[in-house]
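S.K.: Residues per chain are reported as follows:
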Amino acid sequence: MTIKTFDLNLSTKGFSDIHDVTSQVRARISESGITEGFCHIFVTGSTASVSTMEFEPALVKDIKKKLEDFASEHERSHHSETWGDDNGFSHIRATFMGPGITVPVRNSTPILGTWQQIVVLDHDNRSRNRHVVIQVVGIE
Amino acid sequence: MTIKTFDLNLSTKGFSDIHDVTSQVRARISESGITEGFCHIFVTGSTASVSTMEFEPALVKDIKKKLEDFASEHERSHHSETWGDDNGFSHIRATFMGPGITVPVRNSTPILGTWQQIVVLDHDNRSRNRHVVIQVVGIE
Amino acid sequence: MTIKTFDLNLSTKGFSDIHDVTSQVRARISESGITEGFCHIFVTGSTASVSTMEFEPALVKDIKKKLEDFASEHERSHHSETWGDDNGFSHIRATFMGPGITVPVRNSTPILGTWQQIVVLDHDNRSRNRHVVIQVVGIE
Chain A
1 MTIKTFDLNL STKGFSDIHD VTSQVRARIS ESGITEGFCH IFVTGSTASV STMEFEPALV
61 KDIKKKLEDF ASEHERSHHS ETWGDDNGFS HIRATFMGPG ITVPVRNSTP ILGTWQQIVV
121 LDHDNRSRNR HVVIQVVGIE
Chain B
1 MTIKTFDLNL STKGFSDIHD VTSQVRARIS ESGITEGFCH IFVTGSTASV STMEFEPALV
61 KDIKKKLEDF ASEHERSHHS ETWGDDNGFS HIRATFMGPG ITVPVRNSTP ILGTWQQIVV
121 LDHDNRSRNR HVVIQVVGIE
Chain C
1 MTIKTFDLNL STKGFSDIHD VTSQVRARIS ESGITEGFCH IFVTGSTASV STMEFEPALV
61 KDIKKKLEDF ASEHERSHHS ETWGDDNGFS HIRATFMGPG ITVPVRNSTP ILGTWQQIVV
121 LDHDNRSRNR HVVIQVVGIE
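Chains as they are written, first to last, in the numbering used here: chain A, 1 to 140; chain B, 1 to 140; chain C, 1 to 140.
Among the clues, some could well be false.
Identical chains blur together in the list; that is why a pair holds if it fits in one copy or across any two.
[As the list claims (entries may be wrong)] Once the Cα atoms are required to be at most 16 angstroms apart in a straight line, the calculated EDC-like pairs of lysine to aspartate or glutamate come out as: (1) Lys65 / Glu75; (2) Lys61 / Glu81; (3) Lys61 / Glu75; (4) Lys4 / Glu36; (5) Lys4 / Glu31; (6) Lys4 / Glu140; (7) Lys64 / Asp20; (8) Lys64 / Asp17; (9) Lys13 / Glu73.
No lab work stands behind these hints, which were simulated from the structure alone. Note that the structure is predicted; figures quoted are calculated from it, not measured.
Generate coordinates for the entire structure from the input sequences, incorporating the hints supplied.
M.R.: Structure representation (structure tokens):
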């Protein structure tokens with residue numbers, strides 16, 4: 001077994017901006033030469049998350065709305081009041097959803113449903129350059 | 001180190017139908033011959049999740065109720081209105097909870113609490129045949 | 001590739017008591033001798049979770065408050081009424097957040113954001129001695 005670690009930079013807009021990174025993940029798996037194993041996708045920072053979803057515009061709106069209902073950008077937080085950066089809601093969303101996911105790989109391809117994409121969600125309250133780590137682990 | 005990939009098919013009923021798959025996971029770990037390592041359980045598709053819980057009927061009701069409070073099957077969604085499949089809530093639940101978990105393995109056994117089972121939750125609004133991937137990774 | 005499994009005991013106070021375990025994880029990675037790979041942090045039991053956050057006191061309050069809003073310690077549950085242990089809310093919080101996370105490792109160090117710490121959240125309604133499993137996997 002072997003492991004290959006790749007870095008991906010993403011320009012994001014914040015407020016749970018959602019990016020489909022499936023094609024970038026597929027490219028790194030292909031580049032790694034690993035045929036069977038798994039892939040871990042992890043976003044550094046405390047205001048972003050990784051998950052899977054059917055990446056289509058109507059559902060993007062629904063998930064952003066649900067995140068706003070869950071932890072509103074307008075709600076007061078001790079964090080925002082203490083540090084003045086107004087992104088307490090971003091931290092709360094990120095901690096609930098978690099910073100990464102693992103996806104199985106077979107035949108050099110991630111095992112995903114037909115309508116299942118890998119997404120990075122940036123919950124911060126401003127544009128960011130995000131650092132995403134993609135690790136591919138398995139048998140060549 | 002080695003990796004073994006298994007497929008598990010589950011017949012589910014939807015609306016956050018919860019299935020205890022711990023015994024199937026234990027059987028694959030045993031079959032794999034791996035004694036120390038970890039196991040990843042992943043469900044394909046964009047309307048299902050994997051987590052752990054104490055799998056007993058009262059808590060199954062409580063978790064289903066909380067999922068209904070969080071994203072109701074009756075709430076309107078752009079996804080449902082656009083595609084007419086009425087399962088926007090299913091997608092939202094799945095993206096929040098995530099598609100998979102990893103469990104450590106020692107002495108050919110998953111390391112779990114006494115009352116902690118591995119569960120697959122199908123959030124869709126209809127019966128499905130679900131594809132679950134179980135990967136066991138480690139030392140024989 | 002190799003794998004090293006470590007056990008960590010934590011004394012917790014419950015009600016989503018949050019513990020920063022980043023220094024303990026760094027120490028186990030260092031001790032493992034693994035330079036490139038990943039680290040999995042998993043908590044056994046059905047009333048605790050692992051995630052990442054900026055571990056500072058104001059945000060600790062905010063996350064505890066949001067967990068209380070999401071599944072209140074005062075709300076009735078079938079689980080509590082059936083078993084009399086009054087911790088239905090603890091189970092619900094744990095199943096939503098999940099029992100573990102994976103963090104990439106490079107240069108013998110976890111790849112994390114500057115303000116991103118690894119935390120264990122104990123949602124139970126009493127003090128516990130928690131068993132956390134830290135696995136380091138990769139190349140020496």
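S.K.: Evaluate each hint against the coordinates.
M.R.: Results for each hint:
Taking the closest pair of Cα atoms, Lys65 and Glu75 come within 16 angstroms of each other both inside a single copy (14 angstroms) and across two copies (12 angstroms). Taking CA atoms no more than 16 angstroms apart as the test, Lys61 paired with Glu81 passes between copies only; the shortest distance there is 12 angstroms, against 28 angstroms inside one copy. Taking identical chains as interchangeable, the C-alpha atoms of Lys61 and Glu75 lie at most 16 angstroms apart only when they sit on different chains, with a minimum of 14 angstroms there against 20 angstroms within one chain. When the C-alpha separation of Lys4 and Glu36 is checked against a cutoff of 16 angstroms, the pair qualifies both within a copy, at 13 angstroms, and between copies, at 9 angstroms.
Proximity of Lys4 and Glu31 under a CA criterion of 16 angstroms is satisfied intra-copy only: 9 angstroms inside one chain copy versus 22 angstroms between copies. Taking the shortest alpha-carbon separations for Lys4 and Glu140, both the intra-copy value of 11 angstroms and the inter-copy value of 14 angstroms come in at or below 16 angstroms. In this assembly of identical chains, Lys64 and Asp20 lie within 16 angstroms of each other by CA distance solely inside one copy; the values are 14 angstroms within and 29 angstroms between copies. Taking the shortest alpha-carbon separations for Lys64 and Asp17, only the intra-copy value of 8 angstroms comes in at or below 16 angstroms, while the best inter-copy value is 25 angstroms.
For a Cα distance limit of 16 angstroms, the shortest separation of Lys13 from Glu73 inside one copy, 14 angstroms, qualifies, whereas the shortest one across copies, 30 angstroms, does not.
Hint violations for this structure: none, all hints satisfied.
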